[in-house]
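The lines below spell out each chain.
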Amino acid sequence: MSQLRTDLESLRADARARLDAAASADELDALRHELLGRSGRLTALLKQLGSVPAEERPAIGQLANEVRRELEGVLEERLARLRDADLDARLAAEAIDMSAPGRPIRVGHLHPVLTLMRDLRELFHAYGFEVFEGPEVETEEYNFELLNIPPDHPSRDLWDTLYVAEPGSVEAGEPRPAEDGTILRTHTSPVQIRAMRALEPPIRVIMPGRCFRYEAVDASHGFEFFQVEGLVVDRDTTMADLKGLLEEVARALYGRDVATRFRPGYYPFTEPSVAFDIGCLVCGGDGCPACKRSGWMTILGAGMVHPRVLEAGGYDPAVYQGYAFGMGPDRMTMLRHGIGDIRLFFGADLRFITQFPEGR
Amino acid sequence: MRVPLSWLREYVDVTLSPRELTAELTMRGMEVSDVEIGGEGWQNVVVGRVLHVERHPNADTLWLTRVDVGPAGGELEIVCGAQNLEVGQLVPAALPGAVLPGDRRIERSKIRGVVSNGMLCSAVELGLGPDADGIHVLGHHDELPVGQPLGEAIGEVVLDVDVKPNRGDALSMVGLAREIAAFTGAELRVPEPQTVEGDVAVEDRVSVRIEDPELCPRFTALWFDDVANGPSPDWMQQRLVAAGMRPISAVVDVTNYVMHELGQPQHAYDADAIPGGEIVVRRARAGERLETIDHVDRALDERMLVIADRERPIGLAGIMGGASTEVSESTKRVILESAIFHGPTIRNTARRLGLRSEASMRHEKGIGPDLPRLAAYRAAQLIQQITGATLAAGIVDNDPGPHPARRVSVSVSRMERLLGLPLDAGRVRQLLEPLEFGVMGDGDELEISVPSHRLDVALEADVAEEVARAHGYERIAGRLPRAELPPYRTDPSEPRNRVRRVLAGIGLDEVVTHALFDPDDLDRTGYDGSAQHLIRLSNPLSEAHSVLRPVMAPSLLSSLAENARRRRPDAWLFEVGKVYWMHDGPPTPRERASETAGTGRYEAWELGIALNGRPVPVTAGAAVEPADVATLKGIVDALHDALGAPRPEYRAEEPDTRHPHRHPGRAGVITDAQGRPYGSLGEVHPRVAEAWGLPGRPVDATIDLHRLLELVPQRIEARPIPSAQPVDRDLAVVLDETTPVGELLRVTRMSAGPMLTELTLFDVYRGEQIGEGKVSYALSMRFQPDEAGDEKAVEKALNKVRGSLRHHLGAEIR
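Just so you know, the protein sequences line up as chains G and A, in that order. Numbering-wise, the numbering used here comes out as the position in the first sequence, counting from 1, plus 49. Residue 68 in the numbering used here sits at position 86 of the second sequence; the count goes up by one each step and never skips.
The shape of chain G in the complex, shown without the other chains (with noise of 0.2 Å):
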């Protein structure tokens, strides 16, 4: 047995129990240094192997080889070992109380009103309305005349109207209507005429946007709304169109079993005129104060658009036919969310806002 082969076995033991004894990543590494190494131990120890016999040298060589994997092998479970323990002792370090509260990130909402009447352009988009705008400040002739409301007629009283000044009445202190009839307008309905004249039928669109109307604030009422308007031109729509269109969308709107009632209304600008009527929401049609006792609650206004309209939109009435309709999404909105006071809408209560999220 050669000095080398004793030497190798004294190695191995020694550095066995070197490597068991290291307690940390650096220690491993100066062993590896140090026993492993260029100048490390075992590699002195080769360097022996001239010196051996040829007929020996193979069986050292393997002993060597074998010698450097075992340890490789020790020195890299030593370390994995190591490495586990101290990242459980860093992870044990790290722990942070998990019921503290999270970073705040700040969500936002939309208004009610608005996210209604975004629910009733998509409703409506599915039954082939577009949307169509027109100007808040209008003239009394789209408003009223153009709409069969001449002027002095008693139907005028269902539109209170604010009037815009002639300019430099105001500062001159003494106020009057502008001499060119421009007036906020009182309705969408205005919207209709522009429509008519701007499109070619078939005309399915409806006509969102913000009212005035010269009217005491309460719970229920406010100078400043918005509506809805709805419109449908063309050769054939009958009356029996409006009714189904109408409780179709009572149904999306207040459920499947909502109860509806399209009765006999009174619009100037159509004629026939209705009104449309939905169970009460509160009561379910027993009667109760929110539906003044009759069970039901009106919740728009419509009919076949009147003649001298269609004549006013640029239409002959003995072609052409259709229905129009107007919705009060402030008031919708109430009764979708149990809302007392229609003056939250106006201002920036963010106590009531924030109620929404996404608005819905």
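Hints in this document: simulated from the structure, not taken from any laboratory. Heads up, the beta-carbon is just placed ideally off N, CA and C, and yes, glycines get one too. Do not take every clue at face value.
[To be verified] On the chain A side, residues computed to face chain G include the following (Cβ under 10 Å):
hint, residue
1, Glu2
2, Thr4
3, Pro147
4, Ile328
5, Glu442
6, Pro463
7, Pro522
8, Ala553
9, Phe556
10, Thr581
11, Arg583
12, Ser786
Please build the complex by placing chain A on the supplied structure of chain G, with the hints as guidance.
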């Protein structure tokens, strides 16, 4: 219109319950908006009989009564203060535990030492009328059973019917009864007045001259002698009160009664106050005045129609009579007017004088041509009956008729097509005849004769509505939407809605504020509330809502202030709304893109953003900073990113165009790559913030939405995914501190070319090493070469950047 059911029943038999009648009328277009069931406010009030009355032992003005209140209560002692008590009377007795209108509760109580077991009620206590003086006596014999609940005994059901403006004919008991008769098949009973005429000829007493026949197509007059005008009978007073009128005197009450019964407004004049009985119907003359019966002296003008004597106006036609000819209890001779006036003129006059009455309302809606004469004789009958007056022979009437019925030609097939209902001539006849229409013809083309009271039916569509109403709207079979679809159009509101959704996603809350605001709010915000371009109202509800907003800033600041007042100073919010202005002359480019009705007034959509304080509460472990201008820019940039629009550039506002509500050193414009502004932003001027009561340092931005949305690409073209790795380079640049950093970014971006995909300013340094008046900026750039290993191209681009910065900005590159 208030319709007492007992009065209505005089003209038609109603077998429906009040609830059924309400539903039926509503379904026929006579919407019943409320039903008042008389006696609903009475609990435990019964008919009692006074058995005994004696002085209260301890009070001179009180009485102690014994009252039989029927089997349930027996005989009760009740203390009473009224002076009209008599033994044997039937009276309303409120028992202990009773509730009266106004939620007044009656209990057993001691009055001056004597126990009173309830209360005897006056009319006012029962809510039946204004009379508070005495007990409301129900009868003296056996008119009502003693012990019967009072509601059952005398409770009146009153319908509140919302008669539409086109149905003036239904503004009366007979008018409504006619509708009910038509749809129930019951018989209609129209009064057929019987009068006795005296010897005097009316022509010898009254003459009427109509100067403007267009404003007064019909005027009838009757003459009465020997009028004994006192109070009208109880039955008439009760009906008038139930209908909402105040009883005055027999003659006046009769005119009101007939107006409610038949729909014809009338006026009675004290004939002795009209010299020679000469009546002139004419326009008022400039400068004329009239004291109306409400004792208000009114200035008249030529647009108003008056009734005059030889010289002076004695009444406002169709609206209110004059004080000088008012009928009183001493009136002996009366002229009774039943006329038709021009509705629009009456309406206009009534509105301008603020004097709308039951009469003017009916004139506005129109009176059928056959009504004045019927109503005149009906009133004559009642006046004779009640006052014993003598009616002069004959009637003054400028247009006695006959008035031929209006004819409307209709096509059955066109009405079918309009209504979506199967029809034929027989069915049309069956539906219209009960409503008193005549139907002539049997084929497709029919002639419809319209009853004289139906002024609203003139066109085929009007006849179609009557057909639908008679058929029943509820029986029209609804059909699902069908028919050809219009061509697709883009939704003009959708881009605005994208903006709203993005901002809510970024964490802002949406507000909607009034477009009408206070000119003072402009002044408070640093703008001129008296500026010429403001759109003002001539009849604002209040000064607080008298101008349309020309800018968003006051709305935004008021929104922040509203929340600050509620101890919510931290608010990040936005509004998408319109601004409005007036401009004479050729429209500016912005005005050409705005909405307008063509009157020199314009309205345009604008986005306003206002931030104050922190977005979220200060939280342990989180760095939550209050919003500043940089936060606002970050939001504006993010909005552009989310819309796919190129990010804007920012530069300081020029002093002469600076928005007056902003901090002069912290106000900027938002521009496109060509430097064209389309918005502005900055910190709110501390004085403006203080004026609004805003704590902290609020910032705001406003953006022309039309211009912003124009920057959004119509189509997004996908770029190929590069095979090469990006190359990152940093650059340190020293500039004069007077050079805006925006210039550094702009020049860098422009000179680097399309390979530069990201550019970040990651450090700013001032210090001695850099030198006085100098700033060092550190930029990090990411280049995306086309091909792997194309570092040369990157270096070339970088060199170009260095060169441009040196050349254009005098930069020192380190």
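Quick rundown of the hints versus the structure:
1. A cut of 10 Å between beta carbons decides the hint on glutamate 2 of chain A: the least distance to chain G is about 12 Å, and the hint is violated.
2. The closest approach between the C-beta of threonine 4 of chain A and any C-beta of chain G is roughly 7 Å, which is under the 10 Å cut-off, so the hint is satisfied.
3. Taking 10 Å as the C-beta cut-off, the interface hint given for proline 147 of chain A holds, the closest approach to chain G being about 4 Å.
4. Taken as an interface hint, isoleucine 328 of chain A checks out: its beta carbon lies about 9 Å from the nearest beta carbon of chain G, inside 10 Å.
5. Hint on glutamate 442 of chain A holds. Least Cβ distance to chain G is approximately 8 Å, under the 10 Å limit.
6. Taking 10 Å as the C-beta contact cut-off toward chain G, the hint placing proline 463 of chain A at the interface holds, the least distance being around 5 Å.
7. Given the 10 Å rule on beta carbons, the hint for proline 522 of chain A holds: about 7 Å separates it from the nearest Cβ of chain G.
8. Annotation: interface hint on alanine 553 of chain A holds; nearest CB of chain G at approximately 6 Å, less than 10 Å.
9. Evaluation of the phenylalanine 556 of chain A hint against chain G yields a held restraint, the C-beta minimum of about 8 Å falling below 10 Å.
10. Residue-level restraint check for threonine 581 of chain A holds (minimum Cβ-Cβ distance to chain G is 5 Å; threshold 10 Å).
11. Residue-level restraint check for arginine 583 of chain A holds (minimum Cβ-Cβ distance to chain G is 5 Å; threshold 10 Å).
12. Taking 10 Å as the C-beta cut-off, the interface hint given for serine 786 of chain A is violated, the closest approach to chain G being about 39 Å.
Checked against the numbered hints above, the structure breaks hints 1 and 12 and satisfies the rest.
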